[in-house]
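Protein chains in written order, with our numbering: chain Z, 1 to 763; chain A, 764 to 1091; chain C, 1092 to 1265.
Some hints could be false.
[Stated by the list, open to error] With a straight-line Cα cutoff of 25 Å, these simulated PhoX-like cross-link-like pairs (lysine-lysine) come out:
id: 1; chain 1: Z; residue 1: K301; chain 2: Z; residue 2: K392
id: 2; chain 1: Z; residue 1: K119; chain 2: Z; residue 2: K301
id: 3; chain 1: A; residue 1: K899; chain 2: Z; residue 2: K119
id: 4; chain 1: A; residue 1: K903; chain 2: Z; residue 2: K119
[To be verified] Non-contacting residues of chain Z with respect to chain A, defined by C-beta distances greater than 10 Å in every case (computed):
id: 5; residue: K109
id: 6; residue: K119
id: 7; residue: Q504
id: 8; residue: F688
Note that these hints are calculated values from the structure, not bench results.
Beta carbons are placed, not taken as given, at the ideal position from N, Cα and C, and that holds for glycine.
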Amino acid sequence: MITDYRYIGKPTLRKDAFDIVTGKAKFISDLTVPGMLYGKILRSPLPHALIKSINTTEAKLLPGVKAVLTYKDVPDWKAGARPQHVRVLDSKVRYVGQAVALVAAETEKIAEEAIRLIKVEYEPLPAVYDVEEAMQPDAPLIYEQFNANVLPPESRAFGPRTLQEIVIGDVDKGLAEADFVVEGTCAYENIPNPLPPETPGVIASWEGADNLTVWSASQGPHMFKVTLQPLMGGINIRSIGSPVGASYGSKYMSWQFVMPAAALSKATGKPVKLCFKKSEHLAAFTVRLGSRIHGKVGMKKDGTVTFLSGDWLVNTGAFSECAQFMIAVGCGEAQLMLRCPNWSLKPKVICTNRTASGQVRGFGGQELKCALIPLLTMAMEKANIDPVNFFKKNYVKPGDGYYWRDGEWWVCQGTDYTRAIEKGAETFGWKEKWQGWLKPTAVDGARRRGVGVGVHGNADIGEDVSEAFVRLDGDGKAIIHCSLAEHGTGQRSNICKMVAEVLQLPLERVFFTPVDSLVNPVEIGPVGSRGTYAIGNAVIAAAEDAQRQLFEKMAPLFKVTPEDLETSEGMVYVKGKPGAKLPWSKGLHYYGACLGRGRFEPDFSKPNFMIVFSEVEVDVETGKVDLIRVVCATDVGQVIDPPSLTNQLNGCLGSGGIDSALFEETIIDKRLGRIMNANMIDYKWRTFAELPEMELVVLETPVAGHRFHAIGVGEIATAPGPSAVLMAVSNAIGVRLNDYPLTPDRILNALGKVNAAKRRGKQ
Amino acid sequence: MKNFAHYNARSVAEATHLLAAYEGKAKLNAGGSDLIGVLKDRILPDYPEAVINIKTIPGLNTIEENDGGINIGALTKLVDIINSPLIKKNCPVLKETARTVASPQIRNVATLGGNLCQDTRCWYYRYPDGIGGMIKCFRKGGKTCHAVPGENQYHAIMGAKKCFAVCPSDTAVALTALGAVLTVAGTKGTRTLPVEEFYTPLGNMLALDEMITSVNIPKPDPAAEQAFLKFTLRKPIDFAIVSVASVITLDQGICADARIILGAVAPTPVRAHKAEEYLKGKKLSDDTAAEAAMLATVGANPLSKNIYKLEIVKTLVKRVINSGSCLS
Amino acid sequence: MTPTQIKPSLPTLTLNVNGKLHSFMLGEGLHEVSPSHTLAYTLRERLGLTGTKISCDEGACGCCTVLMDGKAVLSCILLTVECGEKEIVTIEGLEDPETGELDPLQQSFIDHTAFQCGFCTPGIIMSAKALLVENPSPTRDEVKEALSGNFCRCISNYHVLDAVIAAARKGGGE
Ligand SMILES: Cc1cc2nc3c(=O)[nH]c(=O)nc-3n(C[C@@H](O)[C@@H](O)[C@H](O)COP(=O)(O)OP(=O)(O)OC[C@H]3O[C@@H](n4cnc5c(N)ncnc54)[C@H](O)[C@@H]3O)c2cc1C
Ligand code: SF4
Ligand code: FES
Ligand code: FES
């Protein structure tokens, strides 16, 4: 096996590096199109209400206003996870911040003023925020069609057997076999916001009755053809991507901003640009799912889990962006973490009156783990088992099986991660620091240290279809045709490295087409951790196909068979005869090219893996928690680009990841239904001033199925962190905590230092 | 941002006359780090008709020593306060306080006058108009306070009646500890006002046509220990959840004088009189510090979600007494 | 005195951006600068200098950081009309105007892949630039402090620290 690659595994320059550091990179907010108008959204003041009347007369009269749309005059497009239940504008509002009317005007300022001239009368309805209250018979019904506010299970998204629960074996049998049984409620309901720096933005331009061009900051622009075209009456969409000012999953579905802009463009016949403000981004865009488990776990003395049962209540907010799809993946991921013969975990997706949840760095997995691991922790504590040993014993091994999102039983053919766990534990110093359950690692006056650990994995590295073309030009260039949007992972550059390696071309001679559905084949997008394996495989196959065609063309020139040829630097050689060489142009001519095609078909047999160790320090006199040190350990098969990988793994702190255990939360006033911290002062994020020590342990055990033996891990960096921190803080203060985030009030409360007698208002 | 008329004031007289002429419908702009956010989010019931730039007034950005003490112009930037040797030598507590404000970029433009006069950060008050409309409350002439029945984790735990927003200014806490006095100019002349008396439950003592021109700090006793502690979730960016500034004079281990000021617990900086009185004549020890800390919270009346702030007040008071120096 | 006696700001405004002077009429027209425009808006929408990014638009994230008379400031909370006398430098002004050569700091960001999505990067580079001008050989903690007002949600922070320290070393700092 070749291990000394020319580019693979070595740091190379990001192709877009120059543009980024000089400010030349054009994000969606930097683009303009001639004749463009600016869109604005009037947003609902109430969490739940019927619109009695809307008067747009005054707004329409304002000079410079080109269109004012209400639910009465927008096209009847519907979106949301099935059945589609979200209209662009509706006669009912279901969360504060929901779009009530749309304006297009010559300038942003005019559009903003016009919004204020629209008069709306509402008939307020009672609102509900808690999943269990929402299911009560007397709860307000958010959608007529969803009884008890529960969304129907998804039966098609991932095939006819789409996974919607985990029911395996016999829970009663597991109960009988258990040495310890614990029961409890654990929740991860602080609904952190992924908060990419760039707000959602789009330019939509309608040409004729059924051609729509969309420029957008989307993580998967090509998906509009798959998801939006059918929802918008079978029109043809040309989707053009631009670099995404980060997404963390949240700018994948994207119809929440694409459809309003498209409606305005349709109404005005002009391109319309719609970019959210940060407050809109925080108050009326994608947040994480709320997750609560009432569960029961049986465990043997040796850490064998005999059963797991319970209800998983998933709060999706005002609509389901894709919540039922997410629980399918979440249910699959739970089984990767836990080799357990008897399961009965029943999810329910419930609507409430707050901004909707959707995909955020993960697809249901982090939300499930953050509640499920604390539940398991209760059992580990009873059985007095070291959590590292528990995870080592229970993480899926080659040969183990699991039901994946398609409802099929897959057998693991990937890596055994035992070594990654051991190496991570060693690097962290787990043995020395772990003192047992609810015991601090060290005490220094008011400061107490504690350690904790969490795991996560996903079998999504090979999810969904990718297609790519690789074109070889006579002058010795390779052009990759693929609608892969750059959203920060460096994946466009990494894919170029793979092609350069296959063709032995200098990296500077490998190019990428712009992200444009008009010229590129189908691409689901760099979601999950599929970039390296799924997209990589499609592009590698295309490069290999192109090379095969090139050799077929040129073999006659050398009077050999194609198998006798090899290429490097845009020259073709006869193997073993370095003297016999011709440039590609001799085979392709200046007017010629050859186009290789590659396609990747889904494969869910190779789970990836991440373990996160954390050390915290708690000041028990103020309740302040400081994150001191983080160690992430994984095995990636083969590193493609070292700096891209470390960047991705360091990202475990951000995007609603580890810090959602510490201070990230969306705070809703439940009397008003409003999000109180929809700004970047009150929504807390990690600063340069307070970076924990970070160490990464990356093993490279080659993986079959990829030319460079690599798999992806980008997405899963965040998921194990929050529960690891929860465990660490519990150990530091000696009190079990089952709730996030660990703000000073919660810590002081847990320590019994908040005197309830002093309360004045009601709780 | 919505339009307004814009003036570059060339003198204090010009600025105050403009304020008077606009009858409350004009706003002074110093560093703008507070005002521009207020305007962008359209949180005020009446959008100002004019903005008056006061950075164009010469002579208001100096730090000088005089007979009365240290005089700091209202337009002095926080960065200049932090870097001033005079401040470092005489009032390190003010330097420490300024250092904890916001971020380097903001400290490069933010002024001392603006810091003292900044509007409240209550998140109901600041709720942006663009997400369903701004929120009316007592402080905006409305009839209710939403914080009392709502999300009040950062609100006042003492000294509040109608409005439970806390005074957001960090420097006000240090300046109160130092016994600083403001010089205030209006169309009818100037007056002085101790920082301790500057804040009112719904704002401050400035009349419609008035502005702060300078802050005078009486020269502190060189033997006095000054300290400031600010409790936040994150070091940069965050406003205080609780802060404490102290100026304590010791005579051979015995407390001769003490000023202990609590920040972010009430609509104004709060002097912990009982704790101050208790400490005088006592030898400082863990026990006296703990007792003083208890006394600092006497009379507190927290809301549903901010009782925890009491515990933090106690801890910080204990720690400023024990640390006895400017550690943050 | 009434407002009519005290004149509003001059009807024209000259901005010095990246060493070039730009004159504007004050007003509400499509190509004019309104008193209510922020510097960030003017740079982006009037001068086409879109390297300066807007994220929070209220002073909390540092994405819009530019240099004003050598100091890092937030262009989203500055009124353009109040910037007339100042020297403004944006990310576009860091390259050598003659040779087009990158500032060593920019090159160091490239060499360390000190970005992921890159949206925060121009603001971070400008803050770091201001630091290095004032303190050519900062410690790691001083860099953290200087960048403490810059948001990076991708957590490229660790690579950024490496890049700034390396640029300082190259620039003659220890
Ligand atoms: C992200 C962020 C974080 C922050 N963190 C903190 C913090 O930790 N601690 C803290 O204390 N503050 C904080 N602030 C508030 C910050 O705006 C102030 O600290 C700053 O000092 C205000 O000064 P300025 O000159 O920019 O005020 P401006 O915005 O110019 O003015 C503020 C107000 O005061 C009035 N005013 C200004 N000067 C005078 C004067 N001389 N006389 C009368 N009225 C005047 C103005 O009309 C305006 O209403 C933060 C702000 C932001 C945006
Ligand atoms: S605390 Fe004051 S500013 Fe906040 S809602 Fe109550 S009255 Fe309004
Ligand atoms: S955009 Fe200016 S600080 Fe955030
Ligand atoms: S690189 Fe994406 S926010 Fe910093």
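To see whether the hints hold, each was checked on the structure:
1. Z:K301 - Z:K392: holds, 15 Å
2. Z:K119 - Z:K301: The given pair, whose Cα atoms are some 66 Å apart, is violated under the 25 Å limit.
3. A:K899 - Z:K119: Judged against 25 Å, a Cα distance of about 18 Å means the pair holds.
4. A:K903 - Z:K119: Answer holds: K903 of chain A to K119 of chain Z is near 22 Å, not above 25 Å.
5. K109: Check fails; 8 Å does not lie beyond 10 Å.
6. K119: Non-interface label on K119 of chain Z holds, nearest chain A Cβ at 12 Å vs cutoff 10 Å.
7. Q504: holds, 48 Å
8. F688: violated, 8 Å
The structure does not agree with the numbered hints 2, 5, 8 stated previously, though it agrees with the rest.
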